[in-house]
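A.B. asks: Chains as they are written, first to last, in this note's numbering: chain U, 1 to 318; chain G, 1001 to 1432; chain F, 2001 to 2274.
For the record, the hints were derived by calculation from the structure and aren't laboratory data. For glycine and all other residues, C-beta sits at the position ideal for the given N, C-alpha and C. A couple of the hints might just be wrong.
What the hints assert, rightly or not - Which chain G residues face chain F? A few, computed with CB under 10 Å, are given here:
no. : residue
1   : Asn-1077
2   : Thr-1090
3   : Gln-1097
4   : Pro-1102
5   : Thr-1271
6   : Glu-1289
7   : Met-1290
8   : Pro-1292
9   : Thr-1340
10  : Lys-1342
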Amino acid sequence: MELESKVNIQTKSKQKKDWKKWVIHLFPIPALAIYILFIIYPLFAAFSYSLYDWQGIKRGAFIGIENFISLFTTEPFNSMFWNAFQNNIWYFLLEMVVQNGIAFMLAYVIYKKIRFAEFFKVAYFLPRLLSVIIVGFLWKLILNPNFGALNVFLNKIGLESWAKPWLGDPDTALISIILVNSWFGLGFAVLIFLAGLQGIPGDLIEAARLDGATGPKLIRKIILPLMVPSITIMTVLTFIHAFEAFELVYAMEGSMGEPYYSTDTLAVYFYRLAFGGSGGADSVAIGLGSALAVVLFFIIASISALFLLVLRKREVEM
Amino acid sequence: MKRMLGLFLGVVMVLSLVLAGCSSSETNSNASGNEGDNGSDSGGDKVTLTMGSWRTEDKAAYEKIIKAFNEEYPDINVEFKPSKNTEYNTILNTALQSGEGPDIIQLRPYAPGMELAKAGYLEPLDDLNGIDVFADDVIAAAKSEDKIYGVPLSLNSAQMFYNKKIFEEHGLKEPKTWDEFIEINEKLKKEGVTPIALGTKEGWLLSLGHSIVGPAHYGANEFVDQITAGEKNFTSDEFVSSIKAMDELKKYFPDNYEGLGMEDIRTLFFTEQAAMFPLGSWEIEVLREMNPDLDFGFFPMPSAVGKEPTMTTWVDGSYGLNVNSEHKEEAKKFLEFMTTEKFAKLFASELSRIPAVPGVETGDELVTAMAEASNQYSTPYLMLVHFNEGNPTTKATLETELQGMYLGKVKPEEVAKKLQENAETYYEPFQK
Amino acid sequence: MKQNPAARSFYYVIAFAFASISLYPIVLMIFSSFKTNAEIFKNPLSFPTSFSLETYQKLLDQIPFFTFFWNSVFVSVISVIFILLFGSLASFYIARYTFWWNNLLFFFFLLGMMIPIKLGIVPLFMLMKDLGLINSLWSLVFIYTATGIPLSVLILTGFFRTMPKELEEAARIDGATDIRIFWHVLLPIMRPALGTVMIINFIQSWNDFFFPLIFITEEVKKTIPVGMLSLFGEYSADWGALFAGLTLSSLPMIVLFFIASKQFMEGLTAGAVK
């Protein structure tokens, strides 16, 4: 922080003489322009939908916040919301533990300069190259209860009782989806963590080593604190990703979050309301759907802001 | 320096784009006018119509149908542009709300399709030549507030398919009563064959399954008349027993049925691992393609309450006319063509399905037999024809709640209760 | 840097175990594309018994694969260039200056990641219509650039912040302009972060099927995922053909990745030296 303001003071004094000082303010313009035109404008235009009464895809009268009230007071909308919300939380927690936990471990292993590091990085990242539709389709097949590779394998090694209808049983469906998602996102997390690890100045670690820090202690005292930026990025991204979880659930369990809403998420619920459930042939409730999107937006925005503030503060303290 | 130049060019380009965006949204009407011009430019005097549909698998058949249409109207170009079933509504609704969309639109049957009419996106077709060939109950699928908005395409039926070879090997005959049907299931199960290929992973299979099994218990058309008059409802004993029957049948489903979807149960049936397959008439083509040697038939569902057996029938998607179409006259020509026998014959022979135009033979023994049985024993697909409204729809509610029932989360009585609560939000006979 | 051998072999076990989990489904997809339906159901785990390219031939005859391919390349490459350029300019501004609105600006960019963009599809469609971009690949370029910017700003701002201030100060003392510092001093050492952003956005634009579904109706303007999607309806019961389709649509991405990955990974290590 101190350094930054020093640079700033210098910049300012320099800029006074510099007729080009306004040039710097052009830097964010192209990004802002495209972003406002194609994201912010359409989204806010759509936000207003939540304030109208809708008959199918026909917009009716202005009704204020009635859609928001219905969303939280009438059944089945109310219980669908809380059920999906709960699933989103599970999504986030399990992804943090499984995907990011494993990714950190793997990044550390690669950082330890093992051989074939290039191969490992590529291997972990490869699933990320596939489209989510393909990922969903592939895993649906692998998890197929009767001829899927996983159950065939379990039967072969004598663990018949472990073989389950993974995606059809409400006890295993959500976990299966989250694990598939972790499989998909692992490589990206490894790369982010690896970049963070490799950004740690080598002399700092050497110094700590000379002070006698090893293994877990080294990780806890030196490496983790210095990795706060990449951990911040991954936490916020995982959070946003978990609360926007849609494509994989949609590809593997459809727009109803089957079985029996056990894999339903807020974004899937939004899609169902705004675009129709049951294979796209169902009726739409655009008003309620837009209200839900607004609520979802406030949840994600406020919690991400919180994460950023807390973690950024830690970063500064370091 | 060159790089910097590129960078600034980028900035300038984006800025000008933004400005262009602002100015052209002000001159909104102009822009859409231009688009119309482009459309007619491409073909000189020829007009190009687009057709929206969710039947990606029918593309080749439609190309032949369009060719036949062009024999009469060589100046009207028709492009069949289907999109994936599950995304069709999203694509169509987005385009319609922006004043675009295909000229000729395939409409989901009954209430969901008629939502487009209510929202004012469809042109009424009451004065279309040939629209009067359709029977009243057929045209009902495309009617909203006493106006006709679609040309019905085909008649669907749902019934129990069975594997003739397996039935023969186990000395079984088509059942004439519900008890016989259960006996068949018991015998097959004892002898190591999966009796019914049905999975509960995809909800729509369950409402379809219920449309086949249900009428046998609620007493088919008599109950339908009563419930649509508001004299009975979903919590009536007749209906509850139809849900219980669905529950009872789960013993005869394949192993791990909770995890099985459409592809899985179809595979079980065409690989001859399962004896019966409760599904719609459109599966005939697929089954034949997957296993040309499969020898299969169908039977109407025998009643459990001493009535006639039933075939579940409804009208599948009709074709409507986009109110914003630039070529309504030409589009009407094509829609008129869809009411002719010429079209119906092609449709029947290319797709092995029963056209909505009456009196057309498909020339396919199985399909003809099904059409005859449908005429004789027809009962409507209750959920699709009468209860496909609300949010979620009553049909979707049945699907989810049945899934919950099979997973042991809800009891049959609770399924019925949820249906009733849902239907009461919009169904007028229940609101009295 | 000596490590005990037990720990080292433990590292290898973990690394290999996860590598095989990562790779197995992809290998399965490629193998299954050579199998017949019956073979897939009977022996889902085994090697294919023969390597027939017939299914691939059939698919390639049916769809203009190379047209789809070039459309995808066009859309992805241009979007990625825009994202990298505009994203890094904005991030540089946010991370290296302390105007009072910078934190707000940063958060404003992040907002874009927090709303399901599908919500805005109708206004977006009308906007594209007004810009005359329906059925134009540029509609996809702009939407992918716009959706890619938030994540890129998040990642790049983070990395710009970690750049040593001394580098910049030294350059300023030498009289370098903002542009020069951005382009010649900081960007070169940002290669790993830029590489990450590039790959992620390239994949995103390459694999998206929602926007082309809505904006593109002409066959010749379709991108690979949408073009292939129509096959899924047609071959819903022919698993062999489906897997061939899946392989065919992911192969270009995998090949491109292998071509680019060397540079991408080298960038990662190069960036780590300092």
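A.B. asks: Indicate, hint by hint, whether the structure satisfies it.
C.D. replies: Verification of the supplied hints:
Violation of the interface hint for Asn-1077/G is found here, the shortest Cβ-Cβ separation to chain F being roughly 14 Å, above the 10 Å cut-off. Taking 10 Å as the C-beta cut-off, the interface hint given for Thr-1090/G holds, the closest approach to chain F being about 7 Å. Because the closest C-beta pair between Gln-1097/G and chain F is about 5 Å apart, less than 10 Å, the hint holds. Restraint check, Pro-1102/G versus chain F: the minimum CB separation of about 8 Å is within 10 Å; hint holds.
Look at Thr-1271/G: its Cβ gets to within about 7 Å of chain F, closer than 10 Å, so that hint holds up. Checking Glu-1289/G against chain F: minimum C-beta separation of about 7 Å stays under 10 Å; hint holds. Checking Met-1290/G against chain F: minimum C-beta separation of about 5 Å stays under 10 Å; hint holds. For Pro-1292/G, the interface hint is violated, since its Cβ never comes within 10 Å of a Cβ in chain F; the closest pair sits about 13 Å apart.
The beta carbon of Thr-1340/G is not positioned within 10 Å of any beta carbon in chain F (closest approach about 28 Å), and the interface hint is therefore violated. Contact between Lys-1342/G and chain F, as hinted, is not supported at the beta carbon level, the nearest pair being about 26 Å apart and thus beyond 10 Å.
In this structure, the earlier hints numbered 1, 8, 9, 10 are contradicted, and the remaining ones agree with it.
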